[in-house]
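Just so you know, the sequences run in chain order A and B. So for the first sequence, the working numbering puts the first residue at 232; every next one is plus one. So for the second sequence, the working numbering puts the first residue at 232; every next one is plus one.
Please keep in mind that the hints were generated in silico from the structure rather than gathered at the bench. Because the structure is a prediction, the values reported are computed rather than measured. Be a bit skeptical, because a hint or two may be false.
Pairs count within a copy or across copies, as identical chains cannot be separated in the list.
[Unchecked claim] Calculated pairs, SDA-like style, for lysine to any residue (alpha carbon to alpha carbon, straight line, at most 25 Å):
#	residue 1	residue 2
1	Lys379	Asp306
2	Lys379	Glu365
3	Lys439	Arg451
4	Lys379	Val321
5	Lys233	Glu279
6	Lys233	Arg253
7	Lys379	Gly300
8	Lys233	Ala442
9	Lys379	Gln368
There are 2 protein chains.
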Amino acid sequence: MKNALVLLSGGMDSATVLALARAEGFACHCLSVRYGQRHSAELAAAAELAHSLGAADHRVVDLNLGLFGGSALTDDSIQVPDQRSEGIPVTYVPARNTVFLAVALAWAEVLQARDLFIGVNAVDYSGYPDCRPEFIQAFETLANLATKAGVEGDRIRIRTPLIHLTKAEIIRRGIGAGVDFSRTVSCYSADSQGRACGTCDACHLRAKGFADAGIADVTRYQP
Amino acid sequence: MKNALVLLSGGMDSATVLALARAEGFACHCLSVRYGQRHSAELAAAAELAHSLGAADHRVVDLNLGLFGGSALTDDSIQVPDQRSEGIPVTYVPARNTVFLAVALAWAEVLQARDLFIGVNAVDYSGYPDCRPEFIQAFETLANLATKAGVEGDRIRIRTPLIHLTKAEIIRRGIGAGVDFSRTVSCYSADSQGRACGTCDACHLRAKGFADAGIADVTRYQP
Chain A
232 MKNALVLLSG
242 GMDSATVLAL
252 ARAEGFACHC
262 LSVRYGQRHS
272 AELAAAAELA
282 HSLGAADHRV
292 VDLNLGLFGG
302 SALTDDSIQV
312 PDQRSEGIPV
322 TYVPARNTVF
332 LAVALAWAEV
342 LQARDLFIGV
352 NAVDYSGYPD
362 CRPEFIQAFE
372 TLANLATKAG
382 VEGDRIRIRT
392 PLIHLTKAEI
402 IRRGIGAGVD
412 FSRTVSCYSA
422 DSQGRACGTC
432 DACHLRAKGF
442 ADAGIADVTR
452 YQP
Chain B
232 MKNALVLLSG
242 GMDSATVLAL
252 ARAEGFACHC
262 LSVRYGQRHS
272 AELAAAAELA
282 HSLGAADHRV
292 VDLNLGLFGG
302 SALTDDSIQV
312 PDQRSEGIPV
322 TYVPARNTVF
332 LAVALAWAEV
342 LQARDLFIGV
352 NAVDYSGYPD
362 CRPEFIQAFE
372 TLANLATKAG
382 VEGDRIRIRT
392 PLIHLTKAEI
402 IRRGIGAGVD
412 FSRTVSCYSA
422 DSQGRACGTC
432 DACHLRAKGF
442 ADAGIADVTR
452 YQP
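For reference, chain A alone in the conformation it holds in the complex (with noise of 0.2 Å):
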């Protein structure tokens, strides 16, 4: 089996990511990372989700993205809205993604990983410039620029299956590759339990998703 480097943050993206990559055949090394995040209680869904997905690893790196704040994820200063508001939102996190490939980059490589997925999506996504398909690309570039596999001629390659996709296909290919919605934690408010506000942005998403898809909603509401 060859090995993949996926980004697993607990929520339903990445979850569905780790069963598609699972169902190609890849013995899949998980990485999730602590930066800070109020909604902690991903990390543990996290891991249960690559316990019961049949991930060949799990690893949570702590790297506190708090130290520098400027988003509501990791600022307890800012309130996270519960309307999506113009232009990029204040949940986004600075450089997130860019950071997460980056020390998913360096695992890959170790691993001799050529394949690294990620669960980021421009159709039903929250405005964040890191989730775009030139980013995408723009890292895949540097990745084979800035390697031993990408010097040596053995592409890197950032696989993104449900970049093109909306949240209610997302959902129907998870189901279909046996993901448990009921498990993945999506809520930036998240309770330590990992049930979900019901209000925020990402609660929104979510919940249209599973509309939108015909399918009743699994998700775990706070009281």
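Based on the hints, put chain B in the right spot on chain A.
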């Protein structure tokens, strides 16, 4: 004063970069990474250099790349070699500069800094793929796609004032800009006081730099 982000390892190159960025008039926010390096004395040197060279701020981020292994610098089971090997050496830390620049970019976004300084060098260097001009160019492209600043048309620049200089030229520039090289740590096997082994590749490059520049080597060596 405009903010700049400076990656500061505590070595001679990044110390020179900090001094040059200060000379350009930037308020320099310095970032060091505790990545599991065996030569962690460089972090103490970084703190001292940030202070003596008038940085606005210095932060050390923990990110344990040793968790993945694969490098003599982070894995005690791999020995630091005395001589340069063919190709990419075992002291190469997988994707290190990609990770460092990614974390620097995260902080730069919060600071609204548009200039990120890194002391990479493609002349007297160790053969690492992530020191090459094409790598830096690819990261700059990525940075402008990854961030709010880039999306809003405010160009981010990766500044590499040393990239085409020899080690001897770096030493001359550094001295001219006020760097006390006796306080910098280059050695891969530096002791806890920052004293150099004198035999590793980093020590060889450094000693040759002083010799080529015709300047007395101020390095503090282990007894």
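Against the structure, the hints come out as follows:
1. For the homomeric pair Lys379 and Asp306, the shortest alpha-carbon distance between copies (18 Å) is at most 25 Å, but the shortest distance inside one copy (37 Å) is not.
2. Taking the shortest Cα distances, Lys379 and Glu365 sit within 25 Å of each other both inside one copy (24 Å) and across copies (14 Å).
3. For a Cα distance limit of 25 Å, the shortest separation of Lys439 from Arg451 inside one copy, 15 Å, qualifies, whereas the shortest one across copies, 64 Å, does not.
4. Taking the shortest Cα distances, Lys379 and Val321 sit within 25 Å of each other only across copies (11 Å), while inside one copy they are farther apart (37 Å).
5. Only within a single protomer do Lys233 and Glu279 lie at most 25 Å apart by alpha-carbon distance; the minimum there is 23 Å, versus 46 Å between protomers.
6. Within a single copy, Lys233 and Arg253 get their C-alpha atoms as close as 11 Å, which meets the 25 Å cut-off; across copies the closest is 48 Å, which misses it.
7. Taking the closest pair of Cα atoms, Lys379 and Gly300 come within 25 Å of each other only across two copies (15 Å); inside a single copy the shortest separation is 33 Å, beyond that limit.
8. Taking the shortest alpha-carbon separations for Lys233 and Ala442, neither the intra-copy value of 37 Å nor the inter-copy value of 48 Å comes in at or below 25 Å.
9. Both within a single protomer and between protomers do Lys379 and Gln368 lie at most 25 Å apart by alpha-carbon distance, with minima of 19 Å and 18 Å respectively.
Taken one by one, the earlier hints fail for this structure only at number 8.
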